[in-house]
Amino acid sequence: MDSISLELQLRRVRLALETQISHPYLEKYIPKPVIDNDKLMILTSLMNTTDLPESKKDHYIITTMLVQIALDTHDLVANQSAEQESLQYKKKRQLTVLAGDYYSGLYYYLLSKLDDVAMIHVLASAIKEINELKMVAYYNKPDTIQDWMRTVKQIESLLIQRVAEQIQGTEINTLSEEWLLMTRLTKEKQHVLSSGQSLLLDVMTRHELAQNPKKQAVQLMEGAIQKSMQKMETAVNQLPLKFHQLTTYVHDLLNEYSRKNTKVVEEG
Amino acid sequence: MKLAAAYSYLKTELNQIEKTLNETIHAKDPILREASQQLLKAGGKRIRPVFVLLAGSFGNYDFERLKTVAVSLELIHMASLVHDDVIDEAELRRGKPTVKATWDNRIAMYTGDYIFARSLEYLTGIDNPRAHRILSETVVELCIGELKQMEEKYNIDQSIRNYLRRIKRKTALLISSSSQLGAVASGATKEYETALTKYGYYVGMSYQIIDDILDFTSSSSALGKPAGGDLLQGNITLPVFFAMEDVAFKNNLRKVLAAEENLDPKDIQPFIDYIKQSDAIDRAYQVSEMYLNKAYQALQVLPDTKAKQTLTTIAKYIGKRKN
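In order, the protein sequence lines correspond to chains A and B. Heads up: the first sequence begins at 561 in my numbering, then just goes up one per residue. Heads up: the second sequence begins at 663 in my numbering, then just goes up one per residue.
Simulated from the structure, these hints should not be mistaken for laboratory data. Here a beta-carbon is modelled for each residue, glycine too, at the ideal position from N, C-alpha and C.
Taking lysine-lysine and the DSBU-like style, the derived pairs with C-alpha atoms no more than 35 Å apart in a straight line are:
| no. | chain 1 | residue 1 | chain 2 | residue 2 |
| --- | --- | --- | --- | --- |
| 1 | B | LYS703 | A | LYS650 |
| 2 | A | LYS651 | B | LYS928 |
| 3 | B | LYS832 | A | LYS650 |
| 4 | B | LYS912 | A | LYS650 |
| 5 | A | LYS701 | B | LYS758 |
| 6 | B | LYS703 | A | LYS651 |
| 7 | A | LYS650 | B | LYS917 |
| 8 | A | LYS652 | B | LYS815 |
| 9 | B | LYS938 | A | LYS650 |
| 10 | B | LYS690 | A | LYS787 |
| 11 | B | LYS830 | A | LYS616 |
| 12 | A | LYS652 | B | LYS690 |
| 13 | B | LYS815 | A | LYS673 |
| 14 | A | LYS616 | B | LYS810 |
| 15 | A | LYS651 | B | LYS810 |
| 16 | B | LYS830 | A | LYS588 |
| 17 | B | LYS810 | B | LYS703 |
| 18 | B | LYS917 | A | LYS592 |
| 19 | A | LYS820 | A | LYS791 |
| 20 | B | LYS690 | A | LYS701 |
| 21 | A | LYS701 | B | LYS703 |
| 22 | B | LYS810 | B | LYS758 |
| 23 | B | LYS690 | A | LYS775 |
Quick list of the computed label-pair ranges, beta carbon to beta carbon:
| no. | chain 1 | residue 1 | chain 2 | residue 2 | range |
| --- | --- | --- | --- | --- | --- |
| 24 | B | ASN677 | A | HIS751 | 45 to 53 Å |
| 25 | B | LYS928 | A | LYS651 | 20 to 28 Å |
| 26 | A | LYS651 | B | PRO927 | 15 to 23 Å |
| 27 | B | GLY757 | A | LYS802 | 53 to 61 Å |
| 28 | B | LYS758 | A | TYR649 | 21 to 29 Å |
| 29 | B | TYR671 | A | THR579 | 49 to 57 Å |
| 30 | B | PRO927 | A | GLU645 | 14 to 22 Å |
| 31 | A | TYR649 | B | LYS928 | 21 to 29 Å |
| 32 | A | ASN772 | B | GLU685 | 40 to 48 Å |
| 33 | B | ARG823 | A | GLN706 | 56 to 64 Å |
Some residues of chain A that are not near chain B, with every Cβ distance over 10 Å (derived):
| no. | residue |
| --- | --- |
| 34 | THR730 |
| 35 | GLN750 |
| 36 | LYS775 |
Start from the sequences and build out the full structure, keeping to the hints where you can.
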């Protein structure tokens, strides 16, 4: 499949996913869920290495993405106490809970329509594991920040790993782990720099892991992002030929990151 | 008579289900484990597992298969309660602190997601794709029902049909799925399956209508929350629909409900008093009774067994319950 066909396929799947999650009442009060482009790309490339019929590939991508969207949506439910909430905020919180439940119900519904009990098992089992890991990442004191980052890496990549295992495409696992960690840490770093808020910062502050958590968090994340990029470079070069779409995409992505970083360094 | 007395002979099976419920949500993380089991420890009637077991007796009764279905259904119900408490900011459930009150919203979200995932994972233990089709439709309808309830709050121009569709999704479908899935898991005949599905649906409708009546007629202490709480939250239930046939009542209610979330309990009190004095409560009881009669009728095609007798007793109890 050439890059134009891939582009069309991604657009088709994205549109189908947007149709699935579209809900007029929810859209009136809460933002539309963000569809993670990296995860969509990894899943699509993964499916394209199999002999599955096109419709089944689409179903697997859409249902896995629905699970991701459901999990991400529930991460947005804030801990603010009722007294601090405005009425508008309260409604937003209530609908965010329901939206996540709804997306979660949809993945189950779509797979059950195909009688795909095996995939229901795979995705349900991944959700179970991810929620266990989230508890570790958000509430337990990590021995080191590196341990925390390892847990975050698992949270980000576990869903795709489990799907990859199911369709015998595990060669992708190392690359997706590093890729998704890099993306996550990049977002976290941006949050620290723009709003002074991030989960890593939260963990460091709550468990008193640093004297200057903000500065240290940024440094740690920059170091980890660089390391992940190096590992991605190695992993992508080791991918079997069947992942050629992804190889090209990741090389472009890494070049883009390097170009941006060089620009930032040059501009001082 | 207490409801549990009607099915006390299922004690051994229900104890095993309780044990499996506990094992199924035995998370590795200690807080997640404690949070998951908190609601379980608070007890409950386990009415969904009871319906699964009773319905399962009209086919080839295989306890292990039925247990799988019963545990999954109860877990789905529990997961939805954990998330409902985040929506309602509830501090107590069955007299015990909620997960969100003991920890926080985020832990409640993870706990609900974890329990729901365990439920589906556990149900994949039986090789029956149809069971998943039935359950998944119910799960999605349940979510749509909750969203509709939010959407239709404070809207007094909705019809009784809206209300009936809402309570079908909110309550009746999970009960009807329980009895249907009991029949499906035991390979009962299509005729029995249809009868049991209808029975569950009608009983569920009746149950919710009575719940909505009790919200007006019960004391705050019996309800564990202020009486008239549904109306205060903008939920238009069956007694309100009947009371709204009085145009003056409806017009006044429209004015008061315009305050929506800023409603004061004092503003609602006259409407509660009116509903209690009018025939709205009696008429709502009559609708509940009509559903119960349909439930009894649905049972007629089933052979006369102890399970059938128990299903009848449960329906009777639901019609007479006071809290």
